[in-house]
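**Q** Take a look at the letters that make up each chain.
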Amino acid sequence: MGDLWYLALAYGVIWVVLLVYLYSIARRQESLRQEMKAIEEALEGKPEAEEEAEEAEPFLTLVQDKGVSREGHARARSAGGGRTGRR
Amino acid sequence: MRVLAGPWKLSLGGSGRRLQRALLAATLAAGLSALYMAFVYAPREATMGDVQRIFYFHVGAAWTAFLAFFVVLLGGLAYLRTGDRRWDALALSSAEIGVVFTTITLATGSIWAKPAWGAWWTWDPRLTTTTVLWLIYVSYLILRGAIDEPEQRARFAAVVGIVGFVDVPIVFLSIRLWRTIHPVLVKSEGFDMAPEMVYALFAALLAYTLLYAYLLLVRTSLERRRLEVEAAKRALGFY
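Chains as they are written, first to last, in this note's numbering: chain H, 113 to 199; chain W, 567 to 805.
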């Protein structure tokens with residue numbers, strides 16, 4: 113194998129490692145975004161929250177199982193300084 | 567998301583996003599310049615030929631890994647001193663990026679070793695201590711995954727991150743402390759290479775450093791959002 117083959121392999125490895133890492137960050141961001149959306153909808157008591165929860169991550173199953181109590185809403189609102197509405 | 571605002575509001579605001587975009591643009595510009603300098607501007611090395619061009623990004627990755635682990639050290643110390651989990655988020659993010667760059671260093675070094683030394687791997691002191699460094703910070707990440715209690719996790723991780731940094735100067739000095747076949751880059755009289763090669767190396771170092779800063783910003787932002795969700799779940803009584 114010539115010099116250029118090793119050179120191409122080294123630079124290829126750099127790009128692959130970086131792209132895999134960026135992809136993993138993007139996946140985690142998307143997963144977290146879905147969790148945050150489900151929490152918001154659970155707090156607002158929207159009926160579609162349950163449908164969303166079916167598709168989402170482990171925490172969403174928790175939302176589905178437990179439901180969100182009135183106390184939970186109150187605690188979240190007080191912990192959030194009362195600013196619990198949508199943007 | 568506004569619902570997660572309040573005491574746990576940690577995610578990037580508008581200025582943070584602007585900084586992210588500016589860093590991304592700077593990273594792309596520096597990366598393209600570094601590629602041009604490594605492949606076109608820098609002369610072909612007389613003994614090794616074109617394969618020596620791996621050097622620019624191999625050394626750049628090693629430098630970035632050292633920088634990342636230094637930030638882990640600072641984040642760990644700051645967390646132990648203040649107990650503020652934002653420092654822990656910074657240390658975790660930097661450790662993850664450091665592992666990525668150490669992986670690049672080991673992989674590119676191994677690929678370069680084959681034509682230069684005739685073997686993909688030797689248990690040379692520099693290679694061995696770098697592998698130990700990689701293992702230390704992979705263990706740091708595994709340890710974090712194994713502890714459920716957030717405060718305990720952050721405290722243990724801070725200690726591992728601080729102690730683990732001891733290996734960084736050992737890696738750096740290994741080629742001076744022990745007999746090795748790994749080349750010595752900086753000698754007492756300066757860089758042992760043509761000036762064009764030194765400029766190309768610095769271009770690669772700049773590009774990698776900017777890339778590190780960009781990745782750190784993105785990864786820390788993600789970690790802080792995760793803390794927001796954790797705090798919201800706690801407030802809702804899910805823990």
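Please keep in mind that the hints were generated in silico from the structure rather than gathered at the bench. Careful: at least some of the hints might be erroneous.
[As the list claims (entries may be wrong)] If you only want the chain H side, here are some residues facing chain W, beta carbon under 7 Å, derived:
| # | residue |
| --- | --- |
| 1 | Asp115 |
| 2 | Leu116 |
| 3 | Tyr118 |
| 4 | Leu119 |
| 5 | Gly124 |
| 6 | Val125 |
| 7 | Ile126 |
| 8 | Trp127 |
| 9 | Arg140 |
| 10 | Gln141 |
| 11 | Leu144 |
| 12 | Glu147 |
| 13 | Met148 |
| 14 | Ile151 |
[As the list claims (entries may be wrong)] On the chain H side, residues computed to face chain W include the following (Cβ under 8 Å):
| # | residue |
| --- | --- |
| 15 | Leu121 |
| 16 | Ala122 |
| 17 | Val129 |
| 18 | Tyr133 |
| 19 | Ile137 |
Think of the CB as a built atom: it goes at the ideal place given N, C-alpha and C, for glycine as much as any other residue.
**Q** For every hint, state whether the structure bears it out.
**A** Status of each hint after checking the structure:
For H:Asp115, the shortest C-beta to C-beta distance to chain W is roughly 4 Å, which falls under 7 Å, so the interface hint holds. Of the supplied interface hints, the one on H:Leu116 holds, with its beta-carbon coming within about 6 Å of a beta-carbon of chain W, less than 7 Å. A hinted interface residue such as H:Tyr118 counts as satisfied when its beta carbon comes closer than 7 Å to some beta carbon of chain W; here the least separation is about 5 Å, so the hint holds. At about 5 Å, the closest approach between the beta carbon of H:Leu119 and any beta carbon in chain W falls short of 7 Å, and the interface hint on this residue holds.
The beta carbon of H:Gly124 comes no nearer than 9 Å to any beta carbon in chain W, farther than 7 Å, and the hint placing it at the interface is violated. The interface hint given for H:Val125 holds, since its Cβ lies 5 Å from the closest Cβ of chain W, which is under the 7 Å cut-off. Using the Cβ-Cβ criterion of 7 Å, the hint placing H:Ile126 at the interface with chain W is satisfied: the shortest such distance is roughly 5 Å. For H:Trp127, the interface hint is violated, since its Cβ never comes within 7 Å of a Cβ in chain W; the closest pair sits about 10 Å apart.
Evaluation of the H:Arg140 hint against chain W yields a held restraint, the C-beta minimum of about 6 Å falling below 7 Å. For H:Gln141, the interface hint holds, the least distance from its beta-carbon to any beta-carbon of chain W being 6 Å, beneath 7 Å. The closest approach between the C-beta of H:Leu144 and any C-beta of chain W is roughly 5 Å, which is under the 7 Å cut-off, so the hint is satisfied. With a cut of 7 Å, the hint placing H:Glu147 at the interface with chain W holds, because the nearest CB-to-CB distance is about 5 Å.
Contact between H:Met148 and chain W, as hinted, is supported at the beta carbon level, the nearest pair being about 5 Å apart and thus within 7 Å. Interface hint status for H:Ile151: upheld, as the beta-carbon distance to the closest one in chain W is roughly 5 Å, under 7 Å. Nearest Cβ of chain W to the Cβ of H:Leu121: about 5 Å, under the 8 Å cut. The hint holds. A hinted interface residue such as H:Ala122 counts as satisfied when its beta carbon comes closer than 8 Å to some beta carbon of chain W; here the least separation is about 4 Å, so the hint holds.
The closest approach between the C-beta of H:Val129 and any C-beta of chain W is roughly 5 Å, which is under the 8 Å cut-off, so the hint is satisfied. About 5 Å separates the beta-carbon of H:Tyr133 from the nearest beta-carbon of chain W, less than 8 Å, and the hint is met. Hint status for H:Ile137 relative to chain W: holds, with the closest Cβ pair at about 6 Å, below 8 Å.
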